[in-house]
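Novice: Work out the full structure: start from the sequences and follow the hints.
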Amino acid sequence: MDIERSADRSRPVAELHPNERLKDESRQLRGTIAQGLADPVTGAIRDPDTQLSKFFGIYQQDDRDLRDARRRARLEPRYQFMVRVRMPGGVCSTAQWLALDALARDTADGSLRLTTRQTFQFHGVRKRDLKRHVKAIAAAGLDTLGACGDVNRNVISAANPLRSPAHAAANELAQRIGAHLLPRTGAYREIFLEEDGVRPGDPVAGPDATGGEEEPFYGRTYLPRKFKIAIAVPPQNDVDVYAHDLGYVAIVERGHLAGYDVTVGGGMGMTHGATATFPRVADVVGFCRPEEALSVAEHTVAIQRDFGHRKDRAHARFKYTIEDRGLDWFRAELARRMGRPLDPARGFRFESTGDENGWREDSAGLWHYTLFVENGRVRDRPDQRLMSALRAVARVHGGSFALTTNQNLIIAGVAAGERGAIDALLHEHGVGERPGRSGLRLNSIACVALPTCGLAMAESERYLPTLLDRLEPLLAAASLTQAPITIRMSGCPNGCSRPYLAEIALVGKAPGRYNLYLGASARGDRMSALYRENLDEAAILQHLGSLLQRYASERIGDERFGDFTVRIGAVPAVERSRDFQHLRAT
Amino acid sequence: RLEQLRFAVLALGDSSYEKFCASGRELDARLETLGAVRLQPRLDCDLDFDAPASRWIEAVVDRLASERTDGVAPGSAPTGAEARGGSPVASAHTRKNPFPAPVLANERLTAAGSSKDVRHVELSIEGANFHYEPGDALGVLAFNREEDVEAVLATLPYSPQTEVLDETGAASTLREALARRQLRAPRTGAWLAECAPGLSGAGGLGANEWLARLRPLAPRLYSIASSQRRVADEVHLAVSVVEYHTAQGSRRGLVSGAIAASAAEATLPVYLHRNPGFRLPADPTAAVVMIGPGTGVAPFRAFLQEREALGASGRNWLFFGDRSFETDFLYQSEWIDWRKRGLLTRVDVAFSRDRGEKTYVQHRLAERGAELWSWLEEGASLYVCGDAERMAPDVHRTLVELIARHGRLDAEAAEEHLLELQRARRYQRDVY
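Chains as they are written, first to last, in the numbering used here: chain F, 1 to 586; chain Y, 1 to 432.
Derived by calculation from the structure, the hints in this document are not laboratory data.
Any given hint could turn out to be false.
[Unchecked claim] Using 20 Å as the maximum straight-line C-alpha spacing, the simulated SDA-like pairs for lysine to any residue come out as follows:
#: 1; chain 1: Y; residue 1: K358; chain 2: F; residue 2: A38
#: 2; chain 1: Y; residue 1: K358; chain 2: F; residue 2: V41
#: 3; chain 1: F; residue 1: K131; chain 2: F; residue 2: S111
#: 4; chain 1: F; residue 1: K226; chain 2: F; residue 2: T50
#: 5; chain 1: Y; residue 1: K116; chain 2: F; residue 2: H315
#: 6; chain 1: Y; residue 1: K340; chain 2: F; residue 2: T50
#: 7; chain 1: Y; residue 1: K96; chain 2: Y; residue 2: H131
#: 8; chain 1: Y; residue 1: K340; chain 2: F; residue 2: E76
#: 9; chain 1: F; residue 1: K131; chain 2: Y; residue 2: R355
#: 10; chain 1: F; residue 1: K135; chain 2: Y; residue 2: K116
#: 11; chain 1: Y; residue 1: K340; chain 2: F; residue 2: P40
#: 12; chain 1: F; residue 1: K311; chain 2: F; residue 2: P40
#: 13; chain 1: Y; residue 1: K116; chain 2: Y; residue 2: L421
#: 14; chain 1: Y; residue 1: K116; chain 2: F; residue 2: L66
#: 15; chain 1: Y; residue 1: K340; chain 2: F; residue 2: A276
#: 16; chain 1: Y; residue 1: K116; chain 2: F; residue 2: A69
#: 17; chain 1: Y; residue 1: K96; chain 2: Y; residue 2: D62
#: 18; chain 1: F; residue 1: K131; chain 2: Y; residue 2: H131
#: 19; chain 1: F; residue 1: K509; chain 2: F; residue 2: A276
#: 20; chain 1: Y; residue 1: K358; chain 2: F; residue 2: L66
#: 21; chain 1: Y; residue 1: K116; chain 2: F; residue 2: A38
#: 22; chain 1: Y; residue 1: K340; chain 2: F; residue 2: R71
#: 23; chain 1: Y; residue 1: K116; chain 2: Y; residue 2: Y244
#: 24; chain 1: Y; residue 1: K340; chain 2: F; residue 2: P48
#: 25; chain 1: Y; residue 1: K340; chain 2: F; residue 2: A44
#: 26; chain 1: Y; residue 1: K96; chain 2: Y; residue 2: G127
#: 27; chain 1: F; residue 1: K135; chain 2: Y; residue 2: Y244
#: 28; chain 1: Y; residue 1: K358; chain 2: F; residue 2: D39
#: 29; chain 1: Y; residue 1: K340; chain 2: F; residue 2: V41
#: 30; chain 1: Y; residue 1: K340; chain 2: F; residue 2: T32
#: 31; chain 1: F; residue 1: K131; chain 2: Y; residue 2: D354
#: 32; chain 1: F; residue 1: K131; chain 2: F; residue 2: T50
#: 33; chain 1: F; residue 1: K131; chain 2: Y; residue 2: E357
#: 34; chain 1: Y; residue 1: K340; chain 2: F; residue 2: R349
#: 35; chain 1: Y; residue 1: K340; chain 2: F; residue 2: D39
#: 36; chain 1: Y; residue 1: K340; chain 2: F; residue 2: I3
#: 37; chain 1: Y; residue 1: K96; chain 2: Y; residue 2: R55
#: 38; chain 1: F; residue 1: K135; chain 2: F; residue 2: K226
Specialist: Below you can see the structure in the form of structure tokens.
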């Protein structure tokens with residue numbers, strides 16, 4: 001088969017997207033970041049550097065609530081930085097929690113944000129505090145490298161390694177893959193950690209001098225776009241493995257880890273109205289043994305590096321590489337590079353993508369408490385002093401913290417005798433079970449959106465709780481308060497909250513307006529389809545209200561809402577991802 | 001000894017200060033001691049100086065003119081209109097006859113959360129026949145709040161309609177005249193009508209006599225923040241809204257408060273106050289260093305607008321300081337834009353209340369000493385605008401130090417160097 005190579009890394013950089021040239025000439029991501037950081041006249045770094053800083057988990061933003069007023073006042077936007085930690089497998093120690101908690105209150109906006117990919121995110125960091133902030137993260141034994149940008153991102157695994165040996169193995173694999181696929185540029189240490197006697201801004205003697213040492217794997221142009229890897233342990237699909245570029249599903253046979261079924265080509269993200277873009281559900285391509293898993297990761301990422309589309313960034317994700325060239329092509333290319341093909345997939349079964357809240361005991365007699373953190377936002381509020389609560393827990397807890405990909409937190413490894421103390425601390429701070437909380441709310445995810453995200457078209461984190469307040473009476477009226485239903489809101493179609501795999505999805509189109517998608521599987525293996533476009537709150541409540549009523553009276557057994565809406569024909573089932581933008585409710 | 005020198009001293013002062021016209025008195029006495037010849041007795045003027053000063057100036061000019069034998073008419077200035085502070089066709093609007101300028105814009109420059117309220121004000125001067133230059137100031141007359149006037153009237157035995165003479169000598173009602181008089185003691189804010197001897201209870205005085213004991217409100221001067229080459233019939237100002245706390249509670253400054261409160265369609269009574277001692281260099285290729293913390297940065301906006309309009313190629317360096325980067329960086333987006341386009345060669349900033357030690361513009365000056373010295377050596381002009389009490393002396397001292405250090409001079413020689421720059425009009429200050 002003749003492979004079409006007019007838009008990938010085999011071409012001269014000048015023919016590709018401008019970002020490719022930017023990366024190529026950046027001296028392994030240094031750009032002029034150091035100079036920009038030192039400029040006290042503006043709170044921003046230079047424009048091209050905002051693309052490069054992402055590779056260090058540093059994302060320039062501005063407070064959008066203040067934009068208009070500041071423009072009228074002849075002030076520049078209120079620039080501030082999002083800083084995301086790299087934490088493959090999502091586990092941190094109590095000492096690390098305390099360090100990050102203090103850091104959030106010192107140089108960030110006073111809150112900790114648990115993300116949909118099992119790590120921490122800080123908002124509101126000022127440029128003049130950036131180095132100090134990143135150094136503090138390093139002092140806690142963590143880093144921010146590769147947390148954003150055209151690289152392999154934070155590798156996630158089924159929450160809580162203590163849950164089972166397979167979970168432990170998955171966590172360990174996540175860390176190994178994460179380490180193996182890290183960018184290898186000295187820029188991070190030079191610029192942000194100011195280490196090794198290298199002063200920021202020291203001229204590098206030309207790309208050829210460093211090309212041999214830095215980035216032997218990624219090369220100067222890194223990947224065409226982000227690459228996300230997830231490791232699932234059935235029957236949980238909390239990591240939403242089908243949403244990922246590369247996935248591993250642990251196959252446990254007779255109590256031991258036999259290996260992983262491999263999935264490729266998933267990815268959220270699309271552009272409203274651009275029908276060549278679509279979210280994609282990953283395909284299962286085979287099975288690998290545990291010792292091959294790292295090699296699979298390396299070669300798969302290398303394939304995307306070599307063949308991914310580098311002209312149009314909206315077509316650059318691995319899912320489009322798979323769509324363009326075909327799954328068979330990928331299997332063949334992977335086999336060629338690995339020296340042997342993958343074994344046939346062994347098959348698995350998922351139950352749901354949600355977390356199971358509350359206390360559970362593991363086989364070793366340790367306890368784990370999954371705490372629902374609404375939208376992952378750890379902060380003190382008058383009625384619920386969550387941040388203080390967790391700080392207090394961290395001081396006495398003898399185990400660790402495990403972040404989930406549903407933006408929740410597991411207080412992991414609690415000895416039976418300590419359960420009471422933890423419960424008491426939580427209760428004292430107004431944190432804990434709330435009987436009125438619906439299964440819908442407990443399975444909700446919202447991306448951050450406003451006021452910090454530059455891409456948001458509508459509110460998400462600041463609005464979903466309110467919408468849920470208005471949905472909960474409707475649920476109660478239909479006796480559905482306990483029913484688990486996944487609902488995800490995104491401020492824009494990029495889908496950072498993985499909306500297209502939720503049973504109810506609300507994707508922002510304009511302030512106060514959302515597209516409503518229905519029908520995804522609660523197991524995360526089937527996407528939703530567009531139900532109605534451009535709805536305001538009243539319309540959302542009206543549509544969902546009547547569908548929930550029907551669900552309450554017509555569901556069969558413990559049929560999930562997503563499956564129900566497909567069964568009754570409210571939305572078509574999406575069989576081929578590429579039809580996503582063409583399908584809609586009739 | 002100065003026997004060859006003839007002199008006359010017109011002293012301008014404020015009788016609310018103990019040492020009223022002290023500098024003028026001392027100068028007059030000193031020149032006499034040194035043997036100089038006094039042309040005309042010294043005149044000490046209070047705030048309301050226009051009329052007495054004009055008469056005094058006329059008298060001196062007449063005296064000089066009557067001695068000339070070369071037939072040159074009195075009043076013609078040797079070096080052009082600048083020296084007399086007038087333009088070829090002077091405006092009819094002066095301090096006594098201010099122009100009611102419509103307020104076109106009144107926008108907060110300081111962001112929410114700032115400890116200060118600074119406004120960007122745009123006024124229309126269409127029809128005023130004002131021709132101003134960067135460096136000039138706008139005088140804004142002060143008026144009392146209506147409720148304050150009413151409160152004082154209520155304590156007086158006179159009818160508010162009583163005919164009186166206002167401070168310009170024109171006929172007015174007592175109520176109208178009170179609007180332009182100082183009604184409160186400066187530091188305490190207490191009503192003068194109640195506490196000042198000779199004022200409380202009117203004491204059997206006629207309305208005019210009583211009124212005459214009240215001092216007129218002084219106008220406030222604001223450095224103009226625009227260049228007419230850019231804004232034509234407009235004047236822009238950066239006004240810091242004065243807020244002060246007295247035993248009676250907190251109050252806003254009369255003029256800055258009035259400006260802050262002005263809505264659309266409001267007008268402000270203004271006149272042009274020339275500042276011939278604060279001018280861009282005539283040479284557009286000359287470099288300029290501007291030191292303007294806080295609202296002191298206002299005339300430098302005018303300087304840059306002017307240089308931009310003229311296509312002046314001279315390098316420009318701005319030093320700005322204030323309390324907090326996020327909320328108090330006056331006109332930030334404009335400096336950034338000018339820097340991007342190359343008009344502003346350098347910008348250095350100091351924010352005293354942000355994290356770390358308090359830093360001020362003088363710290364930046366010291367840090368940049370070497371480069372500043374080379375700019376000066378290459379002919380740059382230095383400008384300082386802003387607070388007279390602490391900033392200006394601190395900046396001056398820092399300049400002396402850096403000149404001493406980088407010019408390898410002792411302290412005295414460094415001072416002398418600055419003095420030379422001043423004489424050469426390359427070190428100009430507008431401090432208040």
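Novice: Does each hint hold? Answer for all of them.
Specialist: Do the hints match the structure? See the list:
1. For the suggested pair K358 of chain Y and A38 of chain F, the alpha carbons sit about 18 Å apart, so the restraint of at most 20 Å is met.
2. Of the supplied pair hints, the one linking K358 of chain Y and V41 of chain F holds, its CA atoms being roughly 17 Å apart against a limit of 20 Å.
3. At roughly 19 Å between alpha-carbon atoms, K131 of chain F and S111 of chain F fall within 20 Å of each other, so this suggested pair holds.
4. As the CA atoms of K226 of chain F and T50 of chain F are separated by approximately 16 Å, the hinted pair is consistent with the 20 Å bound.
5. A hinted pair counts as satisfied when its Cα atoms are at most 20 Å apart, and K116 of chain Y with H315 of chain F does not qualify at roughly 50 Å.
6. At most 20 Å may separate the alpha-carbon atoms for a hinted pair to count; K340 of chain Y and T50 of chain F meet this at roughly 17 Å.
7. For the hint linking K96 of chain Y to H131 of chain Y, the alpha-carbon distance of about 18 Å falls within 20 Å, and the restraint holds.
8. For the hint linking K340 of chain Y to E76 of chain F, the alpha-carbon distance of about 13 Å falls within 20 Å, and the restraint holds.
9. Pair hint K131 of chain F plus R355 of chain Y holds up; C-alpha atoms about 14 Å apart against a cutoff of 20 Å.
10. A C-alpha spacing of about 34 Å is found between K135 of chain F and K116 of chain Y, which places the hinted pair above 20 Å, so the restraint is violated.
11. Restraint check for K340 of chain Y and P40 of chain F: satisfied, since their Cα atoms lie roughly 14 Å apart, inside the 20 Å limit.
12. As the CA atoms of K311 of chain F and P40 of chain F are separated by approximately 35 Å, the hinted pair breaks the 20 Å bound.
13. For the given pair, K116 of chain Y sits about 35 Å from L421 of chain Y by alpha-carbon distance, which is inconsistent with the 20 Å threshold.
14. Distance hint between K116 of chain Y and L66 of chain F is fulfilled; the C-alpha atoms sit about 18 Å from each other, no more than 20 Å.
15. The suggested pairing of K340 of chain Y with A276 of chain F is violated, with an alpha-carbon distance near 39 Å, which exceeds 20 Å.
16. Using a Cα cut-off of 20 Å, the hinted pair K116 of chain Y and A69 of chain F holds, with the two alpha carbons roughly 16 Å apart.
17. Simply put, K96 of chain Y and D62 of chain Y have alpha-carbon atoms about 24 Å apart, too far for the 20 Å limit, and the pair is violated.
18. The straight-line distance between the Cα atoms of K131 of chain F and H131 of chain Y is roughly 50 Å, outside the 20 Å bound, and the hint therefore fails.
19. Simply put, K509 of chain F and A276 of chain F have alpha-carbon atoms about 18 Å apart, close enough for the 20 Å limit, and the pair holds.
20. Taken as a hint, the K358 of chain Y and L66 of chain F pair is broken in the structure, with Cα atoms around 27 Å apart against an allowance of 20 Å.
21. At roughly 27 Å between alpha-carbon atoms, K116 of chain Y and A38 of chain F are farther apart than 20 Å, so this suggested pair is violated.
22. For the hint pairing K340 of chain Y with R71 of chain F, the CA-to-CA distance comes to about 17 Å; that is within 20 Å, so the pair holds.
23. As the CA atoms of K116 of chain Y and Y244 of chain Y are separated by approximately 12 Å, the hinted pair is consistent with the 20 Å bound.
24. Under the criterion of a C-alpha separation no larger than 20 Å, the hint pairing K340 of chain Y with P48 of chain F is consistent with the structure, at around 15 Å.
25. For the suggested pair K340 of chain Y and A44 of chain F, the alpha carbons sit about 14 Å apart, so the restraint of at most 20 Å is met.
26. For a cut-off of 20 Å, the pair hint linking K96 of chain Y to G127 of chain Y stands: about 17 Å separates their Cα positions.
27. Proposed proximity of K135 of chain F and Y244 of chain Y is contradicted: the alpha carbons are some 43 Å apart, above 20 Å.
28. Taking the CA atoms of K358 of chain Y and D39 of chain F, the gap is near 18 Å; set against the 20 Å cutoff, the hint holds.
29. Among the hinted pairs, K340 of chain Y with V41 of chain F is consistent with the structure: their alpha-carbon atoms are about 12 Å apart, no more than 20 Å.
30. Taken as a hint, the K340 of chain Y and T32 of chain F pair is honoured in the structure, with Cα atoms around 16 Å apart against an allowance of 20 Å.
31. A threshold of 20 Å between alpha carbons decides the hint, and for K131 of chain F with D354 of chain Y the separation of about 16 Å falls inside it, so the pair holds.
32. Under the criterion of a C-alpha separation no larger than 20 Å, the hint pairing K131 of chain F with T50 of chain F is consistent with the structure, at around 15 Å.
33. Between the alpha carbons of K131 of chain F and E357 of chain Y the distance comes to roughly 18 Å, so the proposed pair stays at or under 20 Å and holds.
34. At most 20 Å may separate the alpha-carbon atoms for a hinted pair to count; K340 of chain Y and R349 of chain F exceed this at roughly 59 Å.
35. A threshold of 20 Å between alpha carbons decides the hint, and for K340 of chain Y with D39 of chain F the separation of about 13 Å falls inside it, so the pair holds.
36. Pair hint K340 of chain Y plus I3 of chain F does not hold up; C-alpha atoms about 46 Å apart against a cutoff of 20 Å.
37. Distance check on the hinted pair: K96 of chain Y and R55 of chain Y sit about 15 Å apart at the alpha-carbon level, within 20 Å; holds.
38. Between K135 of chain F and K226 of chain F the alpha-carbon distance is near 25 Å, which puts this suggested pair outside the 20 Å criterion.
The structure fails to meet hints 5, 10, 12, 13, 15, 17, 18, 20, 21, 27, 34, 36 and 38 from the earlier list, while all remaining hints are met.
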